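*Asks:* What follows is the residue order along each chain.
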Amino acid sequence: MNPSVNQLKNLSKAGPDPLKDGKRSGARITVESLIRNDVKVIFGFPGGAVIPLYDEIMNFADQVRHIMARHEQGAVHAAQGYARVTGRTGVAIATSGPGASNLITGLTDAHLDSNPLVVLGGQVATSLIGSNAFQECDMMGMTNCITKHNFQCRNIEELEEIIDQAFYIASTGRPGPVYIDLPKDVQMQTTANGRSGPLDLPYYVTTRPVDPHALARAVTLIQSAKRPLLVMGNGVVQAGASEVLGDFARSLGIPVVTTVLSKGVFDEFDPLSVGAGGMHGRRVANYAFTHCDVLIAFGCRFSDRVTGNPKAFEKNKKIVHVDIDPYEIGKNLSVHVELNADALDVAKALNKEMGDTPNPWPKWSDKIKRYRSICNQCIESAAKARLLPKQLMGALNHVLADDDVVVTGVGQHQMFAAHYLYRSKPRTFITSGGAGTMGFGLPAAIGAAVGNPNSNTWLLDGDGSLQMTVQELGTLAAIDEKVIIVVMDNGYLGMVRQWQELFHDRRYSSVELNNNPDFVKLADAYGLEGRRADSMVELKEALSYARDAENSVLIHVPVEKESNIMPMVSPGASLADTFGECVKVKGEFFAKEELKQSDCSTGENR
Amino acid sequence: MRREHTLSIMVRNKPGVLTKIAGMFYRRNYNISALTVGKMHIQGLSKILISVPVDDRDVELLRRQIENMVDVQWAKLLDRNQSILIEVCLIRIAYDSSEERREIMANSHPYRPRIRRVSDRSITLEIAENPDIVDDFVEVMSQHEIFDISRTGMTALGPGLPPIKRSDKEEIVDDVIDEDNVN
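From first to last, the protein sequence lines are chains A and B.
According to this note's numbering, the stretch in the first sequence is residues 1 to 606, in order.
According to this note's numbering, the stretch in the second sequence is residues 1 to 183, in order.
The shape of chain A in the complex, shown without the other chains:
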């Protein structure tokens, strides 16, 4: 949850902690500012340009914990995992030059998925900036497009203000990553001054009040709907509006679709939940997208992965778009009611206006519930020599608790997880959505575990994805927190291979991973426990064992090599053109025979 606007804007100075001559160094000011901004854990990797900072971090080890990653990319992804699970602002630190440039991928990922991060990069001394000095890199120029905002501190007097501003910007409005460039000489300068009073951010607007006219239009539109659909995007998770909006959906009987990024924001065991829609969306979800007449979207930016062809997507429906970022409203689709406000405010207002209305569209919601349970039953494919990814998902569903956190890497395994796993609470499915960063999984799971001490953190990763940041096994082995790593190994860069199979005549150009290490031995080499599961019996046993174990366990699961994640929408095609073995007739999501066979009165399927 975002701290209240007033709290942050009026942060007062904590008071200088006097050193011998009554002054504090830039490094000390930095660490104290982090603590004052309620930072409990930092993920980082030291280097020459941040040695003064790290020296001070050691002085405050009892107040803030530093976890050393094995690569700066691991540090920033871990900060992301922590932020995504807790809702707090994640913090990462790297040194100048190559250390800072290793943060770029993580910043891009955080920017696209709106994660609140404050990332500190060391920089060469101010006198050397611009001279191509040793380990110098123009991070300000490089991060202009991939951060919500960035700062370079050239003078110790502005340091405290910069850090406070950074936290305020990162965590309010539409959250996002903020980068701070910290030259080494500024870290070593000293001053007796601090910061006080409100932040100097006169033109930064975090949100706008709910426009009563727009709200009235939205209510009228929803009341006139015959087949409404509620989209809960990641904005609902960030606003903390999942409960209020969930109540609204349930009392009116409006089916709810989520995105891959927001999976879990609405209880997927609820008969009204159709799961995640889009390119690899469930049939019932894309059916709902295609056939609804009023789409009420909260905190969703309608990425091309969700809409398919946007012209086809917006046809035959009216759209109410609620978002805190005015830039996203109507960006990709034509919108009929624009509500630029905080999702929680709008959800409360809508609940107040309409919350008592009994379900006015029972035929539509019953239809969706029936289709949902058809989807839930899914088609059993013939068992092959190796386990099928679907079977792995089924086994995971049996062993996952509601409060457990599932983190994924990127690729087929990610889409299998989004499609088949049941998640019932927000912030329990952590995945790289907008950027799709392979290698996100392991470090993000580490950060998630640090932010999630009360239940298990599971990582479902692919053999390709895992190896992009596999060095973070070292980070995991060094901390007390536990992650259960399930490696879905199909010996390929599965998603790319699938596209090559479907769209390029099975020309498998550079996607084979036929020399993977023995993952069990690799885990063992890092001091972690490893197991291998080649059959359902072994898999179930390994999963139960891992669930109850004290320490991290890696489970290596070889799966069928050329399994495809279906159904699928071709890039740029309309959602109605979903294809796959479960779509019997193209253009018709559900065939008549399936409807006859279904016997779902309640649609419950736990």
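It is possible that some hints are incorrect.
Below, in silico cross-link-like pairs of lysine to aspartate or glutamate (EDC-like), each with a Cα-Cα straight-line distance of 20 Å or less [to be verified]:
1) B/LYS14 to A/GLU161
2) A/LYS331 to B/GLU126
3) B/LYS47 to B/ASP96
4) B/LYS14 to A/ASP200
5) B/LYS76 to A/GLU161
6) B/LYS14 to A/ASP138
7) A/LYS40 to A/ASP325
8) A/LYS311 to B/ASP58
9) B/LYS14 to A/GLU158
10) A/LYS540 to A/ASP402
11) B/LYS14 to A/ASP480
12) B/LYS39 to B/ASP71
13) A/LYS317 to A/ASP293
14) A/LYS331 to B/ASP56
15) A/LYS331 to B/ASP132
16) A/LYS311 to B/ASP56
17) A/LYS226 to A/ASP293
18) A/LYS311 to B/ASP55
19) A/LYS23 to A/ASP200
20) A/LYS331 to B/GLU60
Example chain A residues on the side facing chain B (calculated, C-beta under 8 Å, incomplete) [unchecked claim]:
21) PHE60
22) ALA61
23) MET140
24) ASN144
25) HIS149
26) LEU201
27) ASP325
28) TYR327
29) VAL335
30) TYR545
31) ARG547
32) PHE590
Note that these hints are calculated values from the structure, not bench results.
Keep in mind that this is a model prediction, so the values were computed, not measured.
Quick reminder that beta carbons are idealized off the backbone N, C-alpha and C, glycines included.
Once you have looked at the hints, place chain B on chain A.
*Replies:* Okay, now just chain B, sitting in the frame of chain A:
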């Protein structure tokens, strides 16, 4: 269809702000035709005027994206027909004879240029006019030998008052001023 649009942007006068804004245009594949920036009468604020060919559908999106930036106070799309658009042009023209110089003066006279410098070989003229008129002037002068030209790009003032300052959640400010009646 890309049409020439003009954006007036009020920003905090901090290093890097101009780079960020220009970078955003580059990133979205818009080629800035003209850009001017100058200080406002209010301390710490600057005004950026950008002229850029953009699709009509996309220009509002672009405006919102710019206005989202932390150091931008507001971004306004100017109606070119209702705004005052001025560009300064300095032009140095060569001549061999006094007759040629007389011809230059006669040809430029309708534009009422100021004479900035005269030598025995060249004359430097200046006009400050609507950019379209500046284009005409340059074209007319190109029948002579042009040594050098320097153009500032366009600055502009739109009709009416600047937008009311955006406020955060706590202060709700109503936009009650009728812009059409102020010019």
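*Asks:* Now, for every hint given, state plainly whether the structure supports it.
*Replies:* Taking the hints in turn, this is what the structure says about them:
{"no.": "1", "hint": "B/LYS14 to A/GLU161", "result": "holds, 15 Å"}
{"no.": "2", "hint": "A/LYS331 to B/GLU126", "result": "violated, 44 Å"}
{"no.": "3", "hint": "B/LYS47 to B/ASP96", "result": "violated, 43 Å"}
{"no.": "4", "hint": "B/LYS14 to A/ASP200", "result": "holds, 13 Å"}
{"no.": "5", "hint": "B/LYS76 to A/GLU161", "result": "violated, 29 Å"}
{"no.": "6", "hint": "B/LYS14 to A/ASP138", "result": "holds, 18 Å"}
{"no.": "7", "hint": "A/LYS40 to A/ASP325", "result": "violated, 29 Å"}
{"no.": "8", "hint": "A/LYS311 to B/ASP58", "result": "holds, 16 Å"}
{"no.": "9", "hint": "B/LYS14 to A/GLU158", "result": "holds, 13 Å"}
{"no.": "10", "hint": "A/LYS540 to A/ASP402", "result": "holds, 18 Å"}
{"no.": "11", "hint": "B/LYS14 to A/ASP480", "result": "violated, 45 Å"}
{"no.": "12", "hint": "B/LYS39 to B/ASP71", "result": "holds, 15 Å"}
{"no.": "13", "hint": "A/LYS317 to A/ASP293", "result": "holds, 4 Å"}
{"no.": "14", "hint": "A/LYS331 to B/ASP56", "result": "holds, 13 Å"}
{"no.": "15", "hint": "A/LYS331 to B/ASP132", "result": "violated, 33 Å"}
{"no.": "16", "hint": "A/LYS311 to B/ASP56", "result": "holds, 18 Å"}
{"no.": "17", "hint": "A/LYS226 to A/ASP293", "result": "holds, 7 Å"}
{"no.": "18", "hint": "A/LYS311 to B/ASP55", "result": "holds, 18 Å"}
{"no.": "19", "hint": "A/LYS23 to A/ASP200", "result": "violated, 24 Å"}
{"no.": "20", "hint": "A/LYS331 to B/GLU60", "result": "holds, 9 Å"}
{"no.": "21", "hint": "PHE60", "result": "violated, 29 Å"}
{"no.": "22", "hint": "ALA61", "result": "violated, 33 Å"}
{"no.": "23", "hint": "MET140", "result": "holds, 6 Å"}
{"no.": "24", "hint": "ASN144", "result": "holds, 5 Å"}
{"no.": "25", "hint": "HIS149", "result": "holds, 5 Å"}
{"no.": "26", "hint": "LEU201", "result": "holds, 7 Å"}
{"no.": "27", "hint": "ASP325", "result": "holds, 7 Å"}
{"no.": "28", "hint": "TYR327", "result": "holds, 4 Å"}
{"no.": "29", "hint": "VAL335", "result": "violated, 12 Å"}
{"no.": "30", "hint": "TYR545", "result": "violated, 49 Å"}
{"no.": "31", "hint": "ARG547", "result": "violated, 44 Å"}
{"no.": "32", "hint": "PHE590", "result": "violated, 36 Å"}
Going through the hint list in order, the structure does not satisfy hints 2, 3, 5, 7, 11, 15, 19, 21, 22, 29, 30, 31 and 32.
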